[in-house]
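Q: Here's the letter readout for the chains.
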Amino acid sequence: MDRLHQIAERFAAAAPACDYWTLRLVDEESDHLAVRQGVVEPSALGASLGAMVTLVVGGGVGYGATSDLSPAGLRAAADQALGWAACHARLGLFDAAYYPRSALRADYRGPVAEPWEAMRLPDKLHLLQEANQALALDERIVDWSAWLAYRRVQQLLVTSDGGQVAQVWTYVSPGLVAVANAGSQTQRRHGGGADWSQQGGLERIGAAGLLADAPRVAEEAIALLTAPECPRDTRDLILTPGQMVLQIHESIGHPLELDRILGDERNYAGTSFVTPEMFGTYRYGSDLLNVTFDPTVPGELVSGAADDDGTPSRREYLIRNGVLERPLGGVLSQSRSGLPGTANARACAWDRPPIDRMANINLEPGEGTLDELIAGVELGILMDTNRSWSIDDSRNKFQFGCELGRLIIDGELRGLVRNPGYRGISAEFWRRLDGVGGPATREVRGVQNCGKGEPNQSVYVGHATPPARFRSVAVFGGGE
Amino acid sequence: MNQDAFYSLSEQLCAGLRGDEHLFCSLDAESSDFVRLNCNRIRQAGAVRSAVLGLNLINGARQAEASCDLSGELEQDLTLARGLLARLRERLAHVPDDPYLNYSTEPSVSDCRVGETPPDAGAAVADLLTAAAGLDLVGIWASGEISTGLASSIGHRHWHAGTSFNLDWSTYLESDKAVKASYSGLTWEPRVLAEKLAAMRQGLAVMARPARVITPGRYRAYLAPAAVAELMNMLAWGSFDLKSHRTRQTPLLKLVRGERSFNPRVTIREEQDRGLTPAFTGDGFIQPGRVTLIDQGRFGHCLVDARDAKEYGERVNAAGGSPASVGLDPGELAPADVLARLDTGLWIGNLWYCNWSDPNDARVTGMTRFGTWWVEQGRIEAPVKVMRFDDSLYHLLGDRLEGLTTERDLLMDPQTYEGRSTESALLPGVLVGGIELAL
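In the order they appear, the protein sequences are chains X and R. Under this note's numbering, the residue at position 128 of the first sequence is numbered 128, and the numbers go up by one with no gaps. Under this note's numbering, the residue at position 281 of the second sequence is numbered 761, and the numbers go up by one with no gaps.
Derived by calculation from the structure, the hints in this document are not laboratory data. Remember, predicted model here, so these are calculated numbers, not experimental data. Take these hints with a grain of salt, some might be off.
Listed below are several chain R residues computed to face chain X (Cβ distance under 7 angstroms; list not exhaustive) [stated by the list, open to error]: (1) R521; (2) V528; (3) A546; (4) C548; (5) P576; (6) D577; (7) V618; (8) Y663; (9) S664; (10) L666; (11) W668; (12) Q682; (13) G738; (14) N835; (15) D841; (16) G846.
Using N, Cα and C, we set each Cβ at its ideal position, and we do this for glycine too.
Using the sequences and the hints given, assemble the complete structure.
A: Listed below in structure tokens is the structure:
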């Protein structure tokens, strides 16, 4: 971070003449280790360092991004930003007076109990080899691998108003996959943390159960080969946190993004069935539906001090007791729309500008255990681990598939079913919610590949959620 | 970063190698302007200058990789890259031999440049906004130079640079009633833009008619090339790479096993000789100009990158496992006859957000989007509310395929996730006897 401060000081000392500027410096390091079928794959170290200069001048705003952090390089980026600000002033959608200004001074350093460097490379590879051995149960397992990914992001945002926000996020992401095959039927099962990302250090390996999970992952992949297809009918549905993450993400998170509602995303990620007049009155789901924007959950993927505009992060209700309260929109979108919002203007890297993104979007816990949710189902399916996702551009008509399903009959879990999927309409689906697990069932998870924006950006998004139960959902299995 | 600077950096890095070490250096650089548009105004505009150096250090049968952003200042970049090389060298002491290490040991040289001076982005966008006056236009302008380089201690020197623009946009009537277009290429021609905008205005006139609500079920349909591109994107997702075949993960497993087939009209190729993507791989191999992936309805050849080639004893024919320049052969259906042959059904302009619904049966789900019309007795009648399809490619490209158009569209990929894409697709429209709508 010291290096970033030095660069920022140099830039500030020779900052261009303008109404307002920000400099966002991002320093990333990464490492990726994988062992597939007992063979160590080429490891990949990564180092990225760059800056985005944003200038507000004369009613326009523009940006310039560069990996040349010399005074001349930053000056060139500022010149480009200046040129685009002039163009924006003539042809812009909004007056740059709307552009958020920040004087916030804040720091955030994510939780790390055991740093990535605390384990030697041979020990990491040995761990992955052990996981590989546990995955290779028999000849029906036709492919298998285990991995460890490390990413550390240091970001410094400085502004001409005296703002200075320094944040450090660290992620260690383990994972496993086993692929089983018999004839023309192939089934994949993930585990060991593959869909259970959090901030943290090496302690994430044990918490995610990298080694302990391997036998289950392989056994379930094999068992799915001979499991019957998921039935095709309408019945009750219980989603584990592993699938709830996706359900919340696609049918609550995205529709509430204010830039979608304002039309910015219509050409790519899409619009939203949510319209401005719905906030405050619209019944999004049953009374059990309570959804928060919560940057304060320890270890959740996007917990932090502020967004990339320098707006301080704080917890907000988006949906309370089923009623829509607040969209996901940063200060700029709030100004453009006249609606309240959240601190969620985020960029994926130094070379992309902030836009409205999800951060941590969480389903608040209800009551009871997973067993109690199951006990309340006469005929249903439990589905776990997302494998397929598709939803319309208004975020309404969705169809999702999972890796594994289990029949529920008379309140008890029964056998596996393969290729389980379900479909519905967001605006109706959440009203079928009639059970949300209690605090003890909540899992802090997220996704690492949320895509959006023009130019495109892929970001991490946190979702903490219990399992949940939905009544009368259209489910189906595989086959042509 | 230009070619000379990259080669100079690589040579100085290679000069510091020890013993039997080899080094492959790659460069992915771009100098791009991005202008985001909404309501026919500029929403967000800026410029990105980036250069990423890739390193693969090899010693005997061991290898390790790294990457870093370059500043463009030689001494500073050398210091950074040498630091990474030192870490890789240290790492090689702790990794085992890699049985699948595979790189070209034959020096080779190439230099390919496409496109000339790009249009001035600010002027082009201003022209666009003027020409689109009165339209609710939303989308993205991206332009500038994209460079890819490879240099090695063995003697590889390869360079591919392209200067292009890609305007990807849609115009809205209301809510989700919209039509979409794209205009990309090497030379900006206002006449082409004007033609596309005129066609969009015609499309919006149809969109203004009351939307037809249809129920789930099977419908005859014509898929325009942009819609076919989404199906090709699905096939690109794990269908052709050799590893997915040998580990029986390809969604085309039943095709490969001879249990199912595509229509004999379907021939799909990787057409690297289109020239928009580099011919060289990161390991120094040169790709063939064409690889036939699906040959008259039956599986042809896999795409084989260097690592898979070593693992499974095949020849390298690709930089990766997904087509980057896919082509679907044209057919015999004249574009002027499409509506008459469709008779009554759906004219689908775009598909969107596709995913495998059941990969074992090549079953895909996704949405209709943008200009999708209801056609009755060969006449476009009304726009159709967005619908979800869920159907197998063994039907859509198999037993229900009735024709492919004689004309094909060259579609340049507008994606910019890991920098501006250079991928493209050359595709006809497809007439099908039925597509299954589920929701």
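Q: Hint by hint, note whether the structure agrees.
A: Hints versus structure:
A cut of 7 angstroms between beta carbons decides the hint on R521/R: the least distance to chain X is about 4 angstroms, and the hint holds. Contact between V528/R and chain X, as hinted, is supported at the beta carbon level, the nearest pair being about 5 angstroms apart and thus within 7 angstroms. Annotation: A546/R was flagged as interfacial toward chain X, and the flag holds, the nearest CB pair being 4 angstroms apart, inside 7 angstroms. A hinted interface residue such as C548/R counts as satisfied when its beta carbon comes closer than 7 angstroms to some beta carbon of chain X; here the least separation is about 4 angstroms, so the hint holds.
Hint on P576/R holds. Least Cβ distance to chain X is approximately 6 angstroms, under the 7 angstroms limit. Interface hint status for D577/R: violated, as the beta-carbon distance to the closest one in chain X is roughly 9 angstroms, over 7 angstroms. About 5 angstroms separates the beta-carbon of V618/R from the nearest beta-carbon of chain X, less than 7 angstroms, and the hint is met. Nearest Cβ of chain X to the Cβ of Y663/R: about 13 angstroms, over the 7 angstroms cut. The hint is violated.
The interface hint given for S664/R is violated, since its Cβ lies 14 angstroms from the closest Cβ of chain X, which is over the 7 angstroms cut-off. Annotation: interface hint on L666/R violated; nearest CB of chain X at approximately 20 angstroms, more than 7 angstroms. Among the interface hints, the one on W668/R is violated; its C-beta lies about 17 angstroms from the nearest C-beta in chain X, farther than the 7 angstroms criterion. For Q682/R, the shortest C-beta to C-beta distance to chain X is roughly 19 angstroms, which exceeds 7 angstroms, and the interface hint is violated.
Interface restraint check for G738/R: the shortest CB-CB distance to chain X comes to about 10 angstroms, outside 7 angstroms, so the restraint is violated. The beta carbon of N835/R comes within 5 angstroms of a beta carbon in chain X, closer than 7 angstroms, and the hint placing it at the interface holds. With 7 angstroms as the threshold, the beta carbon of D841/R comes within range of chain X, its nearest partner Cβ sitting at about 5 angstroms, so the hint holds. Because the beta carbon of G846/R sits about 6 angstroms from the nearest beta carbon in chain X, less than 7 angstroms, this interface hint is met.
When each numbered hint is compared with the structure, violations occur for hints 6, 8, 9, 10, 11, 12, 13.
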